[in-house]
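*Asks:* These protein sequences, in sequence, are chains A and B.
So in the numbering used here, spot 188 of the first sequence is number 188, and the numbers just go up one at a time.
To convert a position in the second sequence, counted from 1, into the numbering used here, add 1000.
Mixed in with the good hints there might be a few duds.
[Claimed, not checked] If you only want the chain B side, here are some residues facing chain A, beta carbon under 10 Å, derived:
no., residue
1, Q1128
2, Y1171
3, E1242
4, I1244
5, E1344
[Stated by the list, open to error] These stretches of chain B come out as covered by chain A in the derived footprint (C-beta under 8 Å, 3 or more residues):
no., stretch
6, 1074 to 1081
7, 1132 to 1146
8, 1326 to 1339
[What the hints assert, rightly or not] Derived DMTMM-like pairs (lysine to aspartate or glutamate); straight-line CA-CA distance at most 25 Å:
no., chain 1, residue 1, chain 2, residue 2
9, A, K51, B, E1340
10, B, K1224, A, E131
11, B, K1186, B, E1125
12, B, K1224, A, D123
13, A, K51, B, D1214
14, B, K1290, B, E1101
15, B, K1329, A, E131
16, B, K1165, A, E38
17, B, K1078, B, E1339
18, B, K1148, B, E1125
19, B, K1148, A, D123
20, B, K1063, B, E1101
21, B, K1329, A, E232
22, B, K1130, B, E1038
23, B, K1165, B, D1118
24, B, K1104, A, E38
25, B, K1346, B, E1054
26, B, K1346, A, E38
27, B, K1346, A, E232
28, B, K1104, A, E131
Please keep in mind that the hints were generated in silico from the structure rather than gathered at the bench.
Don't be surprised by glycine CBs; every beta carbon is placed ideally from N, CA and C.
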Amino acid sequence: MPLLLAMLLAFNLPILLMLGRSVSGLEFSLEHYQRLVEAPVYLRVLANTFKIAAISTLACMVLGYPLAYWMRGLRPGWQLVAVSLVVLPFWVSILVRTYAWIVVLGNDGVVNRTLMGLGLIVDPLPFLYAELGVVIGTTNILLPFLVLPLFAAMLKIDGRLLDAAASLGAPPRTIFLRVFFPLTIPSFGAGAVLVFILTLGFFVTPAILGGGRVPMIANMLETLINRMPRWELAAAISTVLLVVTLLFFALYRRLTEASEGTLR
Amino acid sequence: MINPAKTPATIIARAALFAGSLVAATSLGTVAHAQLNEIRMMEAGGASGESIEEGYLKPFTEKTGIKVVRESPWSLGKLRGMVETGVITNAIVELDSLAVEQAKALNLLEPLDWQAIDPMPIFDEARQEKAIGYQYYSTLMAWRADAKPVSSWAEFWDVENFPGKRALPNYPTYTLPIALLADGVKPEDLYPLDLDRAFESLEKIKGHVSVWWDAGAQPPQLLKDNEVQYAVAWSGRVAGQEGIGYTFKNALLDLAFFTVPRGASAEQKAAAFKIMHEMTVPENQAAAAKVISYTGNSPDLEPLLPQDRLDEFPTTQANKQVQILPEPKWWFENADLVEERWQEFKLGL
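Whenever a hint applies, use it, and build me the whole structure from the sequences.
*Replies:* Here it is in structure tokens:
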């Protein structure tokens, strides 16, 4: 019990304080939530944040699954090389990697200069300073969070299951769709939810690659806390964000339990 | 009827207050012991922070033996956190003109003891009851040397005759007055701001704005990278930079302040006032201006500045009179409304 109490204090006191502030004032009141609903701008920023998070998650899923699958097929030595290539960027600061995209994708950047040099385009393509830039940067930074657990789960799949399916006459396509893929769904889903939740709180990348044109909730909270300062409203928005995130998490749990159920 | 004493919110709030005061009580003891040979300052950071070090902190430490640890950036949130928990870690805190008004309204500041500061002559607007203006800076129009120079905000808005992408601040306090000036409002008629007209004027240019910047380092970089051809920038970031043109004409002059958080100890206050004194000495201001081309609050500073670079400084006779000072009170009274409309405007992008 004392340990449980210590954990509650250490991990959840800030959250309790925030919840308290969102309804505080001289007495209990929901006025900050009312404000939130009356001024639609905050809810729209929340919605925009969820949209960007969904797109980034989808991009990570589309890129991450084939990558992990390909890594599984490599010989052990090459697998080590591949994993270290995925992990390597973790040692480089997010800020540095975000600025690196400016060098690569900017108007005077490597990609645009190459394309213009080849005569494929006349004016530089606007990769940065819009949603596309934010999605590229976010996907780049969060991809390992999806690939690594997925790759680990794929390695654990018993090869004899696949052999058994083959010996019963299933073509490779069917083996993948009916045996291999369902076995990877839980970790695939877990990785996706992880990426989704991390994107919700992203700050640096949207601030720099969004050019101030992609309003995300973390950046808005920064304004409300540090510039305004309207802590009560910020607490109310954070509470909404927390609740919605928990709902997504619950939904994910239902989905994975269901997928595990079909296997049994 | 809800009984306020029994709601979950009050219970949580009380528990939090109790926990907070425990933390405050234990840490206060340690702070009180360790402070005499060292105090902390919260400031904007970057070259501005280095100019404070060079101009004001070096002479202060030489005279008093007290070391000053700089921490950046400043934020109203950090100041509020310090005052509300009662743990004053930073004896002296930088704020901009709007934040001074906000901090006064939230009762976060100690009154300054001007007798203890014992200032040399300074401009009137730099001397307030709870804040000392220490550094003038300008928000002005800048352009790539290979773009057609602009000489008014109307021309800055004119994308037909002055083609190119723009970068504007992600701060309505700068963009809204500029938008009105571009629309033909005279500087003396700016306040109270006509918000509807300002946003209408912004609508006209927003399709050409690549970046709404947050950090002062962004506009010069965007200009150099050829991401934009025209930018609204802070004067110290572009003045004297190769390949960038700029003008102080119709620029927005502003003043950054230093304050003392409410609840600072007597020793902290004494040290803060001594630093503030150094901020009124023209020779110190000239040393600071060598690091960044912002200028201090002394009317006697001009002869001490490098004469070949006079045009880079916002408070020279020639530059100060063509610029516009803000009305922080108006911004304070309308802050919430402006911020919401600003976010809505950007969401429409």
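*Asks:* Evaluate each hint against the coordinates.
*Replies:* Structure-based check of each hint:
At its closest, the beta carbon of Q1128/B sits 20 Å from a beta carbon of chain A; the interface hint therefore is violated under the 10 Å criterion. A distance limit of 10 Å between C-beta atoms decides the matter here; for Y1171/B the minimum to chain A is near 9 Å, and the interface restraint holds. At its closest, the beta carbon of E1242/B sits 17 Å from a beta carbon of chain A; the interface hint therefore is violated under the 10 Å criterion. The closest approach between the C-beta of I1244/B and any C-beta of chain A is roughly 15 Å, which is over the 10 Å cut-off, so the hint fails.
The beta carbon of E1344/B comes within 5 Å of a beta carbon in chain A, closer than 10 Å, and the hint placing it at the interface holds. Coverage of the stretch 1074 to 1081 of chain B by chain A holds. Counting CB-CB distances below 8 Å, 5 residues qualify, and the rule asks for three or more. Given as covered by chain A, the stretch 1132 to 1146 of chain B fails the check, having 0 residues with a CB less than 8 Å from a CB of that chain where 3 are the minimum. Judged by the Cβ-Cβ criterion of 8 Å, the stretch 1326 to 1339 of chain B is covered by chain A as claimed, because 3 of its residues qualify and three suffice.
This hinted pair checks out: K51/A and E1340/B have alpha carbons roughly 21 Å apart, not beyond 25 Å. Of the supplied pair hints, the one linking K1224/B and E131/A holds, its CA atoms being roughly 23 Å apart against a limit of 25 Å. Our distance criterion of 25 Å between C-alpha atoms is met by K1186/B and E1125/B, whose separation comes to about 22 Å. Of the pairs offered as hints, the one joining K1224/B and D123/A holds, with about 18 Å between alpha carbons and a cut-off of 25 Å not exceeded.
With a C-alpha separation of about 23 Å, the suggested pairing of K51/A with D1214/B holds against the 25 Å cut-off. Proximity of K1290/B to E1101/B is assessed by CA-CA distance (about 30 Å); at most 25 Å being required, the pair is judged violated. Annotation: proposed proximity of K1329/B to E131/A is violated, straight-line Cα distance about 36 Å (limit 25 Å). Pair hint K1165/B plus E38/A does not hold up; C-alpha atoms about 35 Å apart against a cutoff of 25 Å.
For the proposed pair K1078/B and E1339/B, the alpha carbon gap of about 20 Å is at most 25 Å, so the pair holds. Note on K1148/B and E1125/B: the hinted pairing is violated, with a Cα-Cα distance of about 36 Å set against a maximum of 25 Å. Distance hint between K1148/B and D123/A is fulfilled; the C-alpha atoms sit about 20 Å from each other, no more than 25 Å. A C-alpha spacing of about 32 Å is found between K1063/B and E1101/B, which places the hinted pair above 25 Å, so the restraint is violated.
At roughly 23 Å between alpha-carbon atoms, K1329/B and E232/A fall within 25 Å of each other, so this suggested pair holds. As the CA atoms of K1130/B and E1038/B are separated by approximately 23 Å, the hinted pair is consistent with the 25 Å bound. With a C-alpha separation of about 48 Å, the suggested pair K1165/B and D1118/B falls outside the 25 Å cut-off, and the hint is violated. Straight-line distance between C-alpha atoms of K1104/B and E38/A comes to about 28 Å, which puts the hinted pair past the 25 Å bound.
This hinted pair does not check out: K1346/B and E1054/B have alpha carbons roughly 39 Å apart, beyond 25 Å. Of the supplied pair hints, the one linking K1346/B and E38/A holds, its CA atoms being roughly 18 Å apart against a limit of 25 Å. Taken as a hint, the K1346/B and E232/A pair is honoured in the structure, with Cα atoms around 23 Å apart against an allowance of 25 Å. For the suggested pair K1104/B and E131/A, the alpha carbons sit about 38 Å apart, so the restraint of at most 25 Å is broken.
Of the numbered hints listed earlier, those contradicted by the structure are 1, 3, 4, 7, 14, 15, 16, 18, 20, 23, 24, 25, 28.
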